[in-house]
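412 is the number that the numbering used here gives to position 412 of the sequence shown; each next residue is one higher, with no gaps.
Everything hinted at is true.
Here are the in silico distance ranges between beta carbons for each label pair:
{"#": "1", "residue 1": "GLU308", "residue 2": "GLY75", "range": "45 to 51 Å"}
{"#": "2", "residue 1": "GLN559", "residue 2": "SER480", "range": "33 to 39 Å"}
{"#": "3", "residue 1": "ASP160", "residue 2": "GLU497", "range": "47 to 53 Å"}
{"#": "4", "residue 1": "LYS358", "residue 2": "PRO595", "range": "45 to 51 Å"}
{"#": "5", "residue 1": "THR304", "residue 2": "SER89", "range": "29 to 35 Å"}
{"#": "6", "residue 1": "GLY709", "residue 2": "ASN457", "range": "33 to 39 Å"}
I should point out that these hints are in silico values taken from the structure, not numbers from a laboratory.
Where is the CB? At the ideal position from N, CA and C, for every residue including glycine.
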Amino acid sequence: MKKILAAMVLFSISQISSADDKKPSWEPCGWGGGGGFWACAFHPEDGNIIYMGGDVSGMYKTTDKGLHWKMINKGLANYAVHSIAISKSAPDTLYALTADGVCRTADGGQNWTYMEQSHKDKLNICMHRPLSVRGIAIDPADPEIVYAGSRTGKLFKTSDGGKNWKELVYCKDLDAEVEKAPEANAEEVAGIDKDVKTSDDAKSATRKPSKTTQSGKAQLQSEATGNVVSSVSISGTDNNRIFITNVSRGVFRSDDAGKTWENVNSSTNASCVTVSPSDKNIAYGAFGAGDCMQRTSDGGKTWTAILEGIPEGYTAREIAVDPKNPDLIYCIGNSVWDGYAGRSEDGGKNWLFEREMKRDLAVNPTLPEEDFSGKIPKDHARMMRINNISISPANPSDIYIAGGWNPCFSADGGKTWEERSRGADISCITDIQFFGDKTYASVMDEGLLMSEDAGVNWKQIYPLERKKDINGHQWKILVSKKGDTEKILTTFSPWNESYPNRVLISEDGGKTFKAITQGLPNYVPKRDCVWGRSYIRSAVQDSKDPNILYLGMDGENDQRGGGGIFKSVDGGYTWKQLENQPPGRRIDRGLALDPENPDRIFWGTTGKTGGLYRSDDGGKTWKTVIENSQEDWILQILITTSGKVYCAGKSLWRSSDKGNTFEKIFDGSKDGWNGFSVAVDPAGENRIWISRGVAQHTAKGGISRTLDGGKNWEDITGDIPYIKPRILNYNPKTGYLWAGYVGLYKIKQ
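The task is simple: from the sequences and hints, build the whole structure.
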């Protein structure tokens, strides 16, 4: 075993400095929509301004009623935003409830401040996915007074803008309902970005892996202590009157600003309560299924079901009330993945529902042929899993919905809807490739897209519509010349696990695709996977014989074969699992071939078997070249045209001798961040870029560049709204560095 060179590079603040006086400026070059938007709120005075929160992307702001959006994440502590509140008395003050706690802005989102006490390891004033609906509210007369509900079931109040918080006891026996967290197979749930789904009900939705027990089971963190406080609503006419919902306990009311409480509605599956802005005695409750919508006209003493006209299978999520007319109300809800928006002019006695919107395919090009078997026009879409609805106080006929795939706007009080998502980029990019003048991007959930003008406009290549076997996560892209067109190969993991991992091949430039499964596992491996189940994130092509390809999928041998490294000798149409696998199979994107000697394969993995492995004989035998004790988290391997090998792990490693020895050229041991991606300029290999960050949605990370082969580094994170992209790729033809994961950006270098 070769000794790893200890050529350590010392990093200090003086070494990571900007080469230019001005901050590096990144250009957005993606598209809008296509993901999960969870929160929205209109400005109380300026009807042109709306704020929106995304599940992985942070915060957005529009100043023209949603026609153009911009990310506003500077200082935001976490990119998972599920509830937001805006102050009526100080409209530039907002609070965001995130997976790491509460953040505040006092300048309309230009800068955010993290409320330290709210951290999940302190008071745990954090959102719950998917149960937090309106989990935070601001006193209408004082922006310093805020009420926030936690995923633990506790309710908190601050009177100093979030610096200090006090728990409000609204239910005396709440702690008696501490739920023992379930256990799961430790090898199945050990992941970096994903929660473990235990059921679809309100009491046990998703949980994060915690410590492993002596029995080898992973204890899952308990997210429910008396369950989630899903909403908080304060009367606009009496700020002492507050309503809250606890998912399993119902609706509680306080008439003394939180000092004492009364349980005024014990309906379970309590999703959201909304008090009328003009009448403190009128409130509406959304309760999931069953008596899913209710109204009170006496401050909560009595409640009446308001169900006439609701769709079959509908579960209510939120009800919004017109600022002047308490009988004019709007509701949103879902039936599995289908979203519905309702309007009632008589306090809920009768409802009219709409679920279609006019699409904007120029802004959101995904699923362009989706027409639900001809049931709707091709320039329309159906609402999908909608989460928040907001009415403009300045123009009450203007309404905005944050939801899945196509956030939308109504200018006529909810009678008609249109998609407005330009600039609301929430795409999780998994690969970026350049071929001639074309740029290809593969995306989780959304598919494979292509641009012929460097990201100004995008065209969806696959899939073109929704079907169980063709919708899912696209991963690696391989493009090669095929006569007058291109052969495109991508790796793909359907959402529906009845359809296992597969390869997609197009021989006609993306007009048609064939799904390939021959030789690949006919099930989805789950043993010791990075994200809880197996995905094909890696694929490489032999530089000397384009018919020879390798792919990598995670998943240890589980008596059915598991994942690992697979080989094709016919251009990707049939595959065979190599008989001799590397010691570890927990792979992300850590697969590469030496361009001069394609029998030399590099394989990088994560976790307890993490490290770097090399084969010199096409995968027949393997040797360890970077030990687990040195590096246990290799996410990407890059081999340059000169033969240098780079490994992006917790540190950045480089070999100049075909992988026999490695030196550490970026030491990441001090901050504990992971190296996500590395890019090298082929025309001058001393110019290197690396992106780094922490796992899950915490907003810690950055992008660095060296001009001297790693001796000195400078921070070029600049103004990129998502500071820890997982994908970097440099286009030498145009001189632009591209960065992607949540959103797609580029910068001239």
